[in-house]
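Protein chains: 6
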Amino acid sequence: MSHLVEYDDASDEVRAVYDDIRATRQTDYINNFWKALANHPPTLRRTWETIKEVMIAPGELDPLTRELIYIAVSVTNGCEYCIASHTAAARSKGMSETVLGEVLAIVATANTTNRLANGYRVPVDEQFKT
Amino acid sequence: MSHLVEYDDASDEVRAVYDDIRATRQTDYINNFWKALANHPPTLRRTWETIKEVMIAPGELDPLTRELIYIAVSVTNGCEYCIASHTAAARSKGMSETVLGEVLAIVATANTTNRLANGYRVPVDEQFKT
Amino acid sequence: MSHLVEYDDASDEVRAVYDDIRATRQTDYINNFWKALANHPPTLRRTWETIKEVMIAPGELDPLTRELIYIAVSVTNGCEYCIASHTAAARSKGMSETVLGEVLAIVATANTTNRLANGYRVPVDEQFKT
Amino acid sequence: MSHLVEYDDASDEVRAVYDDIRATRQTDYINNFWKALANHPPTLRRTWETIKEVMIAPGELDPLTRELIYIAVSVTNGCEYCIASHTAAARSKGMSETVLGEVLAIVATANTTNRLANGYRVPVDEQFKT
Amino acid sequence: MSHLVEYDDASDEVRAVYDDIRATRQTDYINNFWKALANHPPTLRRTWETIKEVMIAPGELDPLTRELIYIAVSVTNGCEYCIASHTAAARSKGMSETVLGEVLAIVATANTTNRLANGYRVPVDEQFKT
Amino acid sequence: MSHLVEYDDASDEVRAVYDDIRATRQTDYINNFWKALANHPPTLRRTWETIKEVMIAPGELDPLTRELIYIAVSVTNGCEYCIASHTAAARSKGMSETVLGEVLAIVATANTTNRLANGYRVPVDEQFKT
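These protein sequence lines map, in sequence, to chains A, B, C, D, E and F.
So this note's numbering is basically just the index in the first sequence, starting at one, shifted up by 88.
So this note's numbering is basically just the index in the second sequence, starting at one, shifted up by 88.
So this note's numbering is basically just the index in the third sequence, starting at one, shifted up by 88.
So this note's numbering is basically just the index in the fourth sequence, starting at one, shifted up by 88.
So this note's numbering is basically just the index in the fifth sequence, starting at one, shifted up by 88.
So this note's numbering is basically just the index in the sixth sequence, starting at one, shifted up by 88.
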């Protein structure tokens, strides 16, 4: 595993991101993902800015729906860390066990039909091309 | 590409599924995916029943949110047919260009952080394990 | 797309592989995959040798079963060329439409349960660890 | 990890599936996958019914071949739980170490050629299109 | 396919990005990827800024090596557009047919060993854990 | 996990490969990957020969660049063993923390744009088709 950069050992550049994470999320806790990214400060900064824009800034999708989409991708990719952290995030935003069940059922079904469409080499219907 | 089974050439078993698709969706159009699956009638029946349960039956998630999750999986897997058909389905359920943009932005971001978590081999935080 | 190296334009090194493909498969036809790999002769030679060992040389698995496994991987990866060529190869070795249907049903199901196992973060049972 | 639903704590709906798993497999052991799926009973029921149809009901493919195809998909997706459980299932159906070796060699080779076909952007031969 | 936003029909926000792409790359040509992303201007802006930082700004890796890594990912994911565009970009930065062959050979080999490591469930050596 | 074949318990065929690994790498250490592959000696031999040709034999790409490409694939596939072993190999060939950061930033970015290209169904530009 990667070295995790703690706040006390961090450069000013890294601390500025950590401070913004803490202020934005209103918690002192910095999770391991950010401490690992701090090994390459430009990636830490850019990734956090992207997450803020995509997951936190106002938009048409509510925060819980965004987390459900995030879970769908992470489960499809089999990323253990991301499944664990975004399942936790979704729960904190109100996801019930039933909603998680419905999301995973859709993810499972989509992974099935993705392969059936590939395996049968289904031509795209004209009406879906536009 | 696979042979596509048209209604007039279909067995009674396949026609029963086609009839149910038409009745459920209130359209005469059967898209190519189902016509390809009809080459193996048990797969046609089972896949349609699953789709009905997961995507159409009442649940906590509304129909549009389900389609957005479906798109997220299909884009991550790179399934051209599924992206085309479910983007069309989502549009018919009211997805705007902005919502599509927000969904794809989340999908793109999740694919990025999935790899950063893997690449830095980030250990799962204790609080995410439960 | 890549340049396809035809026999008449090929180096001796490439021709030797083409000749062996023809002799082994008892056909004059060289499919596009090999003509593309001929852009890097060491890859052409190594890949053909591997295919001969893994797919053609005597072993415990019969030739059709090997093709079915090949299809399963190619469908999961969504490789259009490989699905097309190995579906054709399997048909030439006797795969019926029903067997293809059964294979794709297993591939579809495995892709579903792979995601459910990930999504629910199911711990491996002790008895499966050995 | 997910909460695992034990038989004694399960609803009648879940117990009915567990009972069917036990009767079908002629063992008392319910593996963790099903105990995790029991968090969303419709997914538990539907997934078990699918597995019964696809993996256990009579068909043209024998039970061991089905497991080998399952392993091929699970290895390609990198699903640790599924690799572990289906390798165990295949062994119980008679898979030798040599057969596992041959299967993994095909899976490895197919993953190689899938990428070479993509990387060289090989056009599908006309004869493979039908 | 998505609507492609041409310069003449673009908003000021989109034009600013297009102008920067043109200035940075010293060409008038805007490729389709950016014209599609322009359907969601924040994604266009953020993706271009990221590409500039990661692929163009000075760093320890030279521009051609960066393109080779990009190709490796795109081939592994089977993204046709990205393979085509980054193969072209790498050629314009001096990639020979032989170097492409070497890159694809490594990509093919890594995809093979990734599956063998998964399939044999190889435990990580202690010395690789730090 | 698989049984790991130690040198003292290995057949002559396996020992010959182990001896070549030791001689080529100038170390006595045989890592677990090879000990697992030794369960199927033809796979052990073929995989090692491929690795020698692709990763060690002289070519236009230097040894460190090859490892960086290997890491890019392994991170994209989420293969824990391969990420760990090739990160170690790259470090031993001189990879700094900054270079790892730059590689992972490219991998992350490519995974993002791969999905945006798919999700927006971007048509390949004519000039990228040749």
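Hint data in this document are derived by calculation from the structure and do not stem from the laboratory.
Even glycine gets a Cβ: it sits at the ideal position worked out from N, Cα and C.
Treat the hints loosely; a few may be bogus.
[Said to hold, decoys possible] Partial selection, computed: residues in chain E whose CB lies under 8 Å from chain B:
no., residue
1, Asn127
2, His128
3, Gly147
[Claimed, not checked] Listed below are the simulated DSBU-like cross-link pairs for lysine-lysine, each with C-alpha atoms no more than 30 Å apart in a straight line:
no., chain 1, residue 1, chain 2, residue 2
4, D, Lys181, C, Lys181
5, F, Lys217, E, Lys217
6, E, Lys140, F, Lys217
Verification of the hints:
1. Annotation: E:Asn127 was flagged as interfacial toward chain B, and the flag holds, the nearest CB pair being 6 Å apart, inside 8 Å.
2. For E:His128, the interface hint holds, since its Cβ comes within 8 Å of a Cβ in chain B; the closest pair sits about 3 Å apart.
3. The closest approach between the C-beta of E:Gly147 and any C-beta of chain B is roughly 17 Å, which is over the 8 Å cut-off, so the hint fails.
4. Taking the CA atoms of D:Lys181 and C:Lys181, the gap is near 25 Å; set against the 30 Å cutoff, the hint holds.
5. With a C-alpha separation of about 43 Å, the suggested pairing of F:Lys217 with E:Lys217 is violated against the 30 Å cut-off.
6. Of the supplied pair hints, the one linking E:Lys140 and F:Lys217 holds, its CA atoms being roughly 24 Å apart against a limit of 30 Å.
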